[in-house]
Structure formats: structure tokens, C-alpha cells
Amino acid sequence: MRRNLWLYRRCLGAQLRATLEYEGDFWIMSVAALLTQGMGFVFLWAIFRAIPQINGWRFWDVVLIYSLVALTEGVAVLLAQGAWTMAVTVNLGGLDTVLVRPFSPLLQVLSSQIGMNGLGNLVLGGSLFVAALVHVHATWTPVRIATAALVFACAPLVKIGLNILTNCSAFWLKTPWSMFPFAFHTLGELARYPLGIYGLAVRLVLSVVLPYAFMSYFPATAVLSLGSAPWLGLLTPVAAAWCLLLGRWAFRRGLTRYESSGS
Amino acid sequence: MTALAAGVAPAVGLRRATRAYRAMSRAAFRSLVAYQTSFLFGLLATTLAAVAMLYLWRSVLAAGTVRGFDWPAMRAYLLVAFVAGSLVSSYVDYRMAGRIQQGDVAMDLVRPVDYQKSRFAEALGFGVYELGTGLVVAAAAAALFGGVPAPARGGVVPFAVSAVLVMPLRFGIVYVSALVVFWTRNYVGVQSARIALVTLFSGGLVPLAFFPGWLQGLAAALPFAGMASTPALLYVGGLSGAAAWRAVAVQAAWTAGLWWLGRAMWRGASRQLTVHGG
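Going down the list, the sequences are from chains A and B.
Position 43 of the first sequence, counting from 1, maps to 120 under our numbering, and the rest follow consecutively.
Position 1 of the second sequence, counting from 1, maps to -2 under our numbering, and the rest follow consecutively.
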């Protein structure tokens, strides 16, 4: 285990150095990430100029949810972007090399790429996150601070687990494109807004079937004591563990189906 | 004899060129239909985003009219914007950028057809399929969220003109941003930056009327408004009379302007292209 984690860190470090070699690309991707996330913020700001609140959620409450999605995306892109390479790797038979190395195949796949837009997402998500925490109406008791630290730290793991799970579809679909997991990624972006705005079916999907809401909405409800059941947010660590286990399970099931490319 | 040949040749050349472009449109359409799984998952992604917007606006407008929009009008606005946004959605620039990065674009330079017109012909071919699927999704969403009012009376003619202009206008911005790859050699970043700017300033998510005055003025003068806001506003009757025609004129001016900008960029780009041997 310790050796696996050490190797994981070393692989990511190598990817980071490789990424920074392409300085122009790095800046273009960072600016693009800032624009993409900044656009969402301007969108919320434009809406809340016209109305004071949506279903009891004020501007900075919603910004907190939104910033958690951006932060989560940044963390996932820096630590586990490799999940998105699975479609190509499986299609071209690239897992052959991975499987003969004495290092957890899943961690090898996860650390096989690092997204250049990660830093832009972290910078903007982090700024919005801090600004939202300053502006929300909450009294910061020690218990609340401890809760916040716990649920916010676990939130990105939910997304990483679900990314692995959806990208494992590569073992079954066998196409070199990641459009299928990308559709689910877009589904996850529905968790940028308070869950209460959606119909029952969407709420069930986002909180139970593919619990994307645990990367943003539920942690925020627990910390802000908002929404119909704030205590649900305390389950974020459980949801994170569940999603990671699901991802690992799907990867192992997938490996038993993997049949290389025959060349 | 020579005079006769000189008179006939351009007409023959034109006919031959038209046939070539039509073949390209057909090929583009067929390639999209042949590999439609990937396209349909992409469409599913944009549909989910649109559904999220519909839910969000339903909650925002639950209390009543905001900035002149009630819930049925907003539904219509968002769905027209969605269909407009589904045109020229990714294939043209994706292909162009790939060929520029790989150097295959050198082959395009020696072909006896105009590069920009060829890409436009392909965009039209893709567009038929994109428009069809976009309309189906919009109709389904409209049914799910309780129908959409008919287009505003009196605004039908400017709406029709504006709707026809959406495709060439969107092509202009997509084409120009794909040519940027000649200089940046990066495509994903340029594309996502372009999508962010277009999504926000086209009014596809939030009508420009929700922006403060200075930002509204800026957005109205930029090419983006014509990509969603103008046709959507004309549909719901948010623009009428002289204001309607002024917005359509801005749209038409940008369509022509971006076409010529694309021409100029192509001339500059093809001069500084580096293709590695092999």
C-alpha cells in the first residue's frame, strides 16, 4: 500500500513535469478553465441581480455549491485525470504494459495523465470558495468548522470514484471515444445548483443512483444547515468511500473482460 | 472561338465547383450518420445541460415575471437558444484542428476547391443532422415542461431571417477559432475558451436583459448575441419594430465580417504553416 502510494505520487510528479514542458499549452488551458468557470459565476450573478433567492438559497450559498464543483473538478483533473484515458488505452490494447508492471493497475491508469486545466479550476474554484465562506450566513462554531473540513475534504473523492466508474464503460463499449462517460460528467454538473429545483426523478438520480450531489450540494447543506435534510450531508465520507469502491469494483470487473488488441 | 470559350468556362467551372461542394455536404452528413453513437452521447450531454437550465429558470420564475420574462416565454427562449446552439457544434473545428496539428492540411492546400467554402459545405451537411436532432430534443423538452407558445405575431419575418443567419454566423466564429490552431497548436483550450465566451455572451443561458446596462451594450455589439439571443428574443417577441431589424442587421454584419476575417486569417495562416516531413 505504502509503496503503491509512493509510486502514484512519483508518476503524477513525472506527468506534472511533462505537462509543464508545454508552457504555451499550459497557459491556454489555464485561461480556458478560468473563463469556463468564471462564466458560470457571471451567470449566477446575473440571475441573483434580479431575484434575492431561489428556494431559500441566497447568492453566496449557491456560489458555495458552485465553487465546490469547480474545486472538485480541479482536484480530479490533477489527481485522477488518467481515468479519461481509459477509452483509448483499452481500445488500443494499451493496458498490456500496465498489467505486467508490479504496481496497482488502477493507480497506474489514474496517474497516466494530468490535466492542464486543473490549476485554473483550483484557482478560480478556491477563490469563489473562500469568498462564499466569508459571505454566507453561518456562525463558525468548532463543531461546524470540523464538519466543514471533513465533508469538503471528502467531496472530491465522490467525483473521482464516479469518474472511474463511468469511464470503465470503455471495457464494455470498446470505442476509443469517451462520449459516454462525458455525458455522465455533464449530468454531474447538474449538482452545481440546489437539488430542490429539480423534479423527483433527477433528484433521485443525483443523490442515490449516481450520487454527484455529494460532491457539492449535500456537503454545503450540512455546513450551512440549509435544505430539507442537512444531516444527509454528513454522509459525504460514506458516499465518497462507496463511489471509490464502486469504481474499483467496475475496474476489476472490466479487467476480466479485457482482451487486448491482438497486435 | 476564344471569346466563346471565355464566356462558357466560368459557368462550367461554377457548376463543377457547386457539384464538388454538394458532394462534400453529403459526405459530411453521411459520416455523421455513420458514427452517430458518439454524436448522440454528445447531444445527450448538451441536452442535460439544457434541462438543468429549464429547471433552474422554473424555480427562478416561480414567483412571477422577472425582467419581462414569465415562465412560458423563458421556456420558448431557452429552447430556441438550444436549437441555435446545436448548430455547428463541434465537428467542423474538430476536424480542421486535427488536420492542422497533423499537417494533413497541406493536402487541402493543393485541392482545386476553396478551403473555407469546402468547410462551410461540410458544416451545412452536419447542420442538417444537428438541426434535426436539436429540434427533436427541443420538442421533447417542450412537451415535458408544459409546451411552448407560438412565435410572436409580427416578428415572424425578422425571426425567419435571423434563424437563417444563425448557421453561417456560428460557422464564422467556429472557423476563425479553429484557424487559431495554426498559431497556438493547441485546440482543446481554444475550443473551450470559445465555448465559454459564446455560451455567456450569446445569451444562451441567461437573457442579456439580466446583465447590467454596460455589459448588455457590449454583448449586443459583439458577434455572439446573434448566435442565440437575437433569434430567441425575436421568437418570444422581446424585440420588435426597428429594434428587431437593427439586431438582425448586426447579425448579418458579423456574419459577413467573420467570413472575411476567416479569409484573411487563412491567407496569413497558410503562409506560416510548418509541416514536418514524413
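Some clues are possibly wrong.
[As the list claims (entries may be wrong)] Pairwise CB distance ranges, derived in the manner of DEER restraints:
1) B:Arg264 with A:Arg329: 54 to 60 Å
2) A:Ala230 with B:Val185: 38 to 44 Å
3) A:Leu169 with B:Gly61: 51 to 57 Å
4) B:Val9 with A:Ala95: 42 to 48 Å
5) A:Gly171 with B:Gln33: 25 to 31 Å
Simulated from the structure, these hints should not be mistaken for laboratory data.
All of these numbers come straight from a predicted model, not from anything done at the bench.
Ideal placement from N, C-alpha and C gives every residue a C-beta, glycine not left out.
Here's how the hints hold up against the structure:
no.	hint	in the structure
1	B:Arg264 with A:Arg329: 54 to 60 Å	55 Å, holds
2	A:Ala230 with B:Val185: 38 to 44 Å	29 Å, violated
3	A:Leu169 with B:Gly61: 51 to 57 Å	56 Å, holds
4	B:Val9 with A:Ala95: 42 to 48 Å	55 Å, violated
5	A:Gly171 with B:Gln33: 25 to 31 Å	26 Å, holds
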